[in-house]
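Q: Residue numbers (my numbering), protein chains in the order written: chain A, 14 to 388; chain B, 814 to 1209; chain C, 66 to 329.
The hints are simulated quantities; they were obtained by calculation from the structure and are not laboratory data. Take these hints with a grain of salt, some might be off.
Said to hold, decoys possible - Here are some chain A residues the structure puts well away from chain B; computed CB gaps all over 12 Å:
#1 Ile-59
#2 Ile-74
#3 Gly-79
#4 Leu-90
#5 Ala-124
#6 Val-138
#7 Arg-142
#8 Phe-148
#9 Val-150
#10 Thr-190
#11 Ile-229
#12 Gln-280
#13 Ala-283
#14 Gln-293
#15 Lys-305
Said to hold, decoys possible - Calculated lysine to any residue pairs in the SDA-like style (CA-CA distance at most 20 Å, straight line):
#16 C:Lys-158 x C:Glu-140
#17 B:Lys-1117 x B:Gln-1107
#18 C:Lys-158 x B:Glu-1109
#19 A:Lys-211 x B:Val-844
#20 A:Lys-43 x C:Asp-156
#21 C:Lys-198 x B:Arg-1121
#22 B:Lys-1117 x C:Glu-140
#23 C:Lys-244 x B:Glu-1109
#24 A:Lys-305 x A:Lys-174
#25 A:Lys-305 x A:Leu-382
#26 B:Lys-1117 x C:Gln-184
#27 B:Lys-991 x B:Pro-889
#28 B:Lys-877 x B:Thr-891
#29 C:Lys-321 x A:Gln-204
#30 A:Lys-43 x B:Glu-1118
#31 A:Lys-43 x C:Ala-100
#32 B:Lys-1117 x C:Leu-180
#33 C:Lys-213 x C:Gln-242
#34 C:Lys-244 x C:Arg-159
#35 B:Lys-1068 x B:Arg-971
#36 B:Lys-965 x A:Ala-350
#37 C:Lys-198 x B:Lys-991
#38 A:Lys-174 x A:Val-187
#39 B:Lys-1117 x C:Glu-166
#40 C:Lys-158 x B:Leu-1122
Please read all numbers here as calculations on a predicted model, not as lab measurements. No residue lacks a Cβ here, since even glycine has one placed at the ideal position from N, Cα and C.
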Amino acid sequence: MSDIGFVRADLVPAKPAPNRTTGAVAWAQKNLFATPLDTVLTLLGILFLVWVVPPLFNFFIGHAVGPYGTVEECRALDAGACWAYIYNEMEFFIYGFYDIPEQWRPNIVFALGALLLVPLLIPKVPFKRANAILFLVVYPIVSYFLLAGGVFGLTEIPTEKWGGLLVTLIISVVGITLSFPLGIILALGRQSNLPVIKTLCIAFIELIRAVPLITILFMASIMLPLFMPQGTTVDKFLRALVGVTLFTSAYMAEVVRGGLQAIPRGQYEAGASLGLGYWQRMYFIILPQALKHVIPGIVNNFISLFKDTSLVYIVGMKDLLEAVKTKNDSALEWQSANTATTGYLFAAMVFWVFCFSMSRYSMFMERRLNTGYKR
Amino acid sequence: MTTLDTGPTTAPRPSFFNDPVVRGIVYQVLVAVLLVAFIVWIVGNTATNLAAQNKSTGFDFLWKTAGFDISFSLIPWTRASIYWEAFLVGITNTLLVAFVGIIAATILGFTIGIARLSSNFIVSSLATIYVETIRNIPLLLQLFFWYFAVLKAMPAVRDSIQLPLESFINQRGIFVPKPIPDPQFGFVWIGIALAIIGVIVLRTWAKRRLEATGKRFPVFLTSLAVLIAIPTIVWFASGASVEFEPPVLERFNFKGGLQLPPEFVALLFGLTIYTASFIAETVRGGIQAVSRGQTEAAMSLGLKEGDRLRLVIVPQAMRVIVPPLTSQYLNLTKNSSLGAAIGYPELVNVFSGTALNQTGRAIECIALTMLVYLTFSLLTSAIMNWYNARVSLVER
Amino acid sequence: MTEVSATTQDRAAPHMTVSQTNVAIEVVGMHKWYADFHVLRDINLKVMEGERIVIAGPSGSGKSTLIRCINRLEEHQEGQIIVNGTELTADIKRIDEVRREVGMVFQHFNLFPHLTILQNLTLAPIWVRGIPKAEAEATAMHYLERVKIPEQANKFPGQLSGGQQQRVAIARSLCMQPKIMLFDEPTSALDPEMVKEVLEVMISLAEEGMTMICVTHEMGFARQVANRVIFMDQGQIIEQNEPEAFFSNPQHERTKLFLSQILH
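Construct the complete structure from the given sequences, taking the supplied hints into account.
A: So, in structure tokens, the structure goes:
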């Protein structure tokens, strides 16, 4: 049976794939018309698009009234979105009742925030620790004095005047910044082998997670003043912040716990074998690894929090959604059939841009961290 | 060989401050004392504050007449009802919208989740656009959109838009014909029950036959036929009929028919559409969690696509899907509290809103409200623990 | 590499008969691309009934892809693959027909974790072949005894060791009473001490005259049971020969290099 012996003399060079597997036609065949059912679905999908896209296009762009349009144009029978309304009320949507000549102050806060946040988010940029301290500790203090004023000759602007996107951003940034350390402590407490501490942490976390945010906000806004000694007044803004922070910290604790559980036992044992105490072990060995692991979870928490800030409207705070709703209901000079719709769509777009970019960032980090763990 | 002394030896006790047990107790006592002090302080403050405001405390108010209107209620409600009843109305309204929402969101979410995995480019793109748009916009904003921009922007009652099947939509909600079954209709219910029993029997029989003879039986199609045929036959045989009482426009409002208030419709729409986007992601993740190798193994055994899905992929995917799915159901129930912002009389609105304002018993009202949600949550997690214990894959 | 015990080696070769006339698998001028990547190039292969073929080659050489094409877990774009007289095309009927007759064992076992061992084994016979449950279970127990783990029948895959799982996977394929078995690196994911138990099952299968194609790095196994060794690189068959000639006198430079790296 030596006839089965075979040695290839010349290697077959790689050929380009036949047309059937590449190119637009092959793509369409594979992705649009693979089976009869696919063909039907594709046709239905195209019909749906034909039905939906033109009206949407006309509403958003085609028949829409541009930023420099007039309310008369918006009131026209076939008018689409009234962007002129948004353009004219933009200041209110961003700053609320913040004094107009002082709006440079929030602007500086926005700019500073972006300046500190961007290098923090890009993994390659060095000085992460210094950057984080600047962003998490120095920046909030500077921002507070800049926004509230009353020092360094800045006019005092009470929190009642703050509003719009400014408030939405403040609540979410402060909420996440404060809930982060609180969440870490709760997560460590939940992992603790001291029964009293463990039980307390579990009870707090599970209670908060079981109830809707709105009830916690009610509690913060109605009951917090009752809890304080007589005569103390708690700023409304502060009440909302307390509610949001407590709420988020419980969810944060669960995210951190996931990270702690992902750290192999060997890491704890290695730390102990080096003679490190509990807090040293946590600070130098466990938390840096665990937190890096849960960055995507933290970002997802931030997205939820950012969306949930809209609930402060229910306890009478003036965030972006409140600003839009107020103008929708009260800006009589802009009243038209599409004003309210345009207003809500604008708010939706703002929220969407923030949340979508955060979720993309979270996915990017997830992919980065995953490959980091495999190799 | 000399034997070593193996008698019991006790390690020397560490000095008092270095004993981990002692340290642990000290920490815990410290925390407990601080906590108790904090609570005492809060309770003291609260008592002083309440006394200063001349407010009383206690749950006695639950048996007092409420004296306010609730726009929508499943159980009888009048101004003479007591606060306890208001509490129950709130719970039932919460449960109603949560129940309907969960069913709708499940159907929509599974459809979109499966569509996201479709090999058809248009179908999967549309599903992706839906998910990425909806889940990145706050629910409250979506509720406002449906309520203020869509439903409240509907024409006034006089200019109601007529929908098919004698239904109408206007500012005050959706009006549909109200089915009024005649007494004979009872037979149809019996017919439906019989059909369901028939299907169960059929399935058992088909399974037994498959196991005994290896012959397949088209269970799905026959079940469908049975479910449709038996009730229909009974319907005609018994001569049962259902009257539909259509809504009729009178001078100021519709009379008769079934009114779905705009608050309910908006909340239901918002909750369903929002939660469906999360359920879709859960479903997609669950199906993707079943490794490609499972499909390949099933293929190489010659199982056809339907059997592959039914016997290999779905049972495994469901284990992954069910826990997060349940927490989405819980989220939907908790999120139904946002109905308060558009005036749907659910628990938070009725009890932590109206009742609280009327009685001033803030602590009691909020505590009772939280207790209800806590109960929902504990019940759900108990069921989940039971489910997880039952289905978890056995490992070495 | 694991040496197989002398006793099994002794009773090998003689029983294995290769049909001279009946072709089990024929691959003619087959090419495959992953998008623009030319992964299999001009594959020509004729496997007679009862033949035992080992495919070796560096990773990425296309050997797994080749045997996955034989039961159409992957589709080819050019050339022909004919299995038991059925040419594989996009036709679902033909694919089902081929898959019923071709068993496959995967590197990572791919047992169904939600079913017991017995259910894993009877699933396809019941739903594909339409065999009564009792009969399917009897067959399943027979094959479990063959692979020497009947006592595990009611456990779940997760409770078994890797070697046991792979033996179950082999038994699962055998329950469909296939004419051809494909092995895709069946021992690569196993701990060294478990390799042997799996190889022994494969050897006893070979002795019964099963047509087999194995992608494997177990050169001892190849030497002992294969009647042909095929060496692949860069998506093509570089060299093939009887094991003795292949190992003692490789012709192609690539083959020599490969063998020098894996045989110490």
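Q: Hint by hint, which ones does the structure fall short of?
A: The structure breaks hints 1, 11, 24, 29, 37; every other hint is satisfied.
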